[in-house]
Amino acid sequence: MTDQTPALRLEGIVKTFPGVRALDNVSFSVLPGEVHALMGENGAGKSTLMKVLGGIYQPDEGQIVVSEQPTVMTSPLQAKSKGIVFIHQELSLAEELTVAENIYLGELPKKAFGLVDWQKLYAQTNVILEKLKVGFDAKTRVGDLSIANQQMVEIARALTVEAKAVIFDEPTASLTDAEKVVLFDVISDLQAHGVGIIYISHRMEEIFKITDRISVLRDGQYRGTLKTAETNEDEVTQLMIGRKLDLSRNETHHDLGAVALEVRDLSCGKLFRNISFEVRKGEVVGFYGLVGAGRTEIAETLFGLREPTGGDILLNGEKVHVSSPADAIEKGISLVPEDRKGQGLVLGMNCRDNMTLPQVSDLKAGPFVAEGAEIAIFDQYRDRLDIRTPGWKQLVGNLSGGNQQKIVIGKWLSMHPDVLIVDEPTRGIDVGSKSEIHNLIRELASQGYAVIVISSEMPEVLRVSDRIVAMYSGEIIRTFTSQEVTEDNLIQAISGINPEKAA
Amino acid sequence: MDRFSKFDLGGFLARQGILVAFALFLVGFTIANERFLAPDNVMGVIRSSAILGVMALGVTFVVISGNLDLSVGSMMSFSTIVVLDLHDKIGPTLAIPSMYAMVLCLGAFIGFLVGYLKLNSLIVTLGMLSAIHGLTLTYSGGKNMDIADKEGTWFSFFGQSDVLGIPVPILMFALLASLLGIILAKTPFGRKVYAVGGNGTAATFSGIRRARVVFTCYILSALCVATAGLLQASRSLGSQNTVGQGLELEVLAAVILGGASLLGGSGTIFKTVIGVLILGFIQNGLLLVGLQFYVQYVVTWIIIILAVWLDIAAKRGKLWSPIA
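Chains as they are written, first to last, in this note's numbering: chain U, 1 to 503; chain P, 504 to 827.
Hints are computed from structural coordinates only; laboratory data are not their basis. Be aware that one or more of the hints could be misleading.
Derived EDC-like pairs (lysine to aspartate or glutamate); straight-line CA-CA distance at most 16 Å [claimed, not checked]:
1. P/Lys689 with U/Glu371
2. U/Lys331 with U/Asp312
3. U/Lys270 with U/Glu307
4. P/Lys689 with U/Asp362
5. U/Lys180 with U/Glu170
6. P/Lys689 with U/Glu374
7. U/Lys120 with U/Asp137
8. U/Lys209 with U/Glu230
9. P/Lys774 with P/Asp814
Which residues of chain U face chain P? A few of them, derived with a C-beta cut under 8 Å, are [said to hold, decoys possible]:
10. Leu314
11. Gly342
12. Pro358
13. Pro367
The C-beta atom is built at its ideal place from N, Cα and C for all residues, glycine as well.
Construct the complete structure from the given sequences, taking the supplied hints into account.
The following block contains the structure:
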């Protein structure tokens, strides 16, 4: 493989922004037919590198070489014409158009008078779709497809040109396990056709399953390339973060306090039914299940964002009705939401203002906001959570994912809630910060908080929970203690009536 | 490497474009007409900008909260006509509070539709622009409104007097700007306005009652419009039904010129005041160099487009980019 001509080679790429050397002499190459993982913590420079590759940024130094031809990239469209295709994490499809129209958008086949040649369009599209072995056809409206199938449309779009290299950016972020299998099939098919693949992901299992080599970036610098077959997770992690990572499961056991939250037969239409559980002070209860199992919806109901259609919520033994988030906060329930940027933070606001937002009406000096008190709160939680930021004036949008998440957590801790719900605490966060957040959740429990953690990542649930609630299709299937849970019985529980299907 | 060797003109213009353009205007006008920067002309510009400025203060709140208010022009006509009419019917002492009450009701109605019913503010206020115009014409029967005894009323105080040598409209503008500036920058409510405009969902998730915040912004806007109507009525003591027509765009231009983002979440009262003055000086300059008054409608439009373009350019650091 080593004497092959690389499909794509980056040589000594340097990109600086005012005050930051975002990419510092980064070189690496992708061979035809190779799956090459690009890893690194958030802020390591992966996105910047991809933007350089797509012509959105021009490198200060270094060059991009496509099939031994030095190439200047000026836009993603031009990169595509050179055979470099991006499959983005966030899809960019027109939902109201058909699959075929999306795939050939901008280059629809034409007949006389500039009218679209529909027959040809659908025929061409179906050829590509057959190659991908997908279960929908060219005339399907994209909005009717699942996220996974929409991703297939993006991939199909990539196949309309003779791709030399395809870049997948966190492609599995919103896919179910079954959908991942299909995606991996497509990737190996591309591989078989001699396409070079750059695969960006935080998920170690996937990296080790499908890649040939792994290149690591840290702080904008190229840290080396490893052959996947000859390395292991520890080595890669160390290269990424410069230290060892703790992947153990929760074995701490401390005394639990009184029941802080009890839920009895809670239902909300078709979203979830007859949900009953309790959380004690000092306990972390993990909710595990597939996307769509109803976990987030339960959290939203407890937080006053949805009206339950039946059942009771008891806080410290008293029945309560939660009418809005403002009401929930007043009653002592806090939610660290699943979508950090969309629901958790005002990105254009500074760190301090974000952190004190829920209590800004209470922090008053006369009619004004007591900024001194705000800064004191910010400083306290910055130190306690080890938030790395130049200062409270920094806009939250400029922080890394891990530090952003700590701002959201700090925001709620400073409210001293009785019950803290954390939905997907480490989504899109690099491994280093991930483990810090896991430790933090354990620490909160030991301080007597009642914590609910919702997660789609099994290692995470195992790591932080005292008990694990397994959900499938809007119902609780089983509740495990941390002693009795195993990967197998947990997987069986969350795949509901078809345990063999998930195995 | 010399970091100044490559001067990025596009990036510089993108960030500082408004000020550069304004500076060029000032230099050009001063060369063309030496009276431009004379003290009496400067005072005149500020004075004639005051009514627009008062309206822009309220609209700043609405825009920062992530909404628009295109109804302020016709609402200003309404308040002017109403207060002039009531002046002769029930006397100025009762006419002024009655007018404020009516205008605040209109503001509350818009605030209810946009805040609580979550209707699109562009549609709601565009509709109100027309509806309030209709309301004004119905009220006046389409006739101009005049105060009968123009010499003998103290009502002219707001528009025509000086206090400590400063015209009252400028004082009112300064006073309101200070008050609203402090509310926006220093109070919990101001903070919530930024949060709601910056990310309404995150604000809700932080326990902020978003509808209430949006509602209050429209109330403040109506308060400013009523004040502008008062100043206008007091200055002229008579008015057409269309006195505020088109002002909504000039107000919006001033707010955007000041640097508030149309997407919400950014802007300050101080910047809006700067925006108002820039607009005033440019319009005055055009007149001084001998262009027809009507040219300024076109120029205002050009300024809006320029301001919006530079607003997005500033965000991405260059004047043009293939992606948004």
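Structure-based check of all given hints:
{"no.": "1", "hint": "P/Lys689 with U/Glu371", "verdict": "9 Å, holds"}
{"no.": "2", "hint": "U/Lys331 with U/Asp312", "verdict": "15 Å, holds"}
{"no.": "3", "hint": "U/Lys270 with U/Glu307", "verdict": "13 Å, holds"}
{"no.": "4", "hint": "P/Lys689 with U/Asp362", "verdict": "14 Å, holds"}
{"no.": "5", "hint": "U/Lys180 with U/Glu170", "verdict": "12 Å, holds"}
{"no.": "6", "hint": "P/Lys689 with U/Glu374", "verdict": "12 Å, holds"}
{"no.": "7", "hint": "U/Lys120 with U/Asp137", "verdict": "14 Å, holds"}
{"no.": "8", "hint": "U/Lys209 with U/Glu230", "verdict": "13 Å, holds"}
{"no.": "9", "hint": "P/Lys774 with P/Asp814", "verdict": "13 Å, holds"}
{"no.": "10", "hint": "Leu314", "verdict": "21 Å, violated"}
{"no.": "11", "hint": "Gly342", "verdict": "6 Å, holds"}
{"no.": "12", "hint": "Pro358", "verdict": "5 Å, holds"}
{"no.": "13", "hint": "Pro367", "verdict": "6 Å, holds"}
Going through the hint list in order, the structure does not satisfy hint 10, though it satisfies all others.
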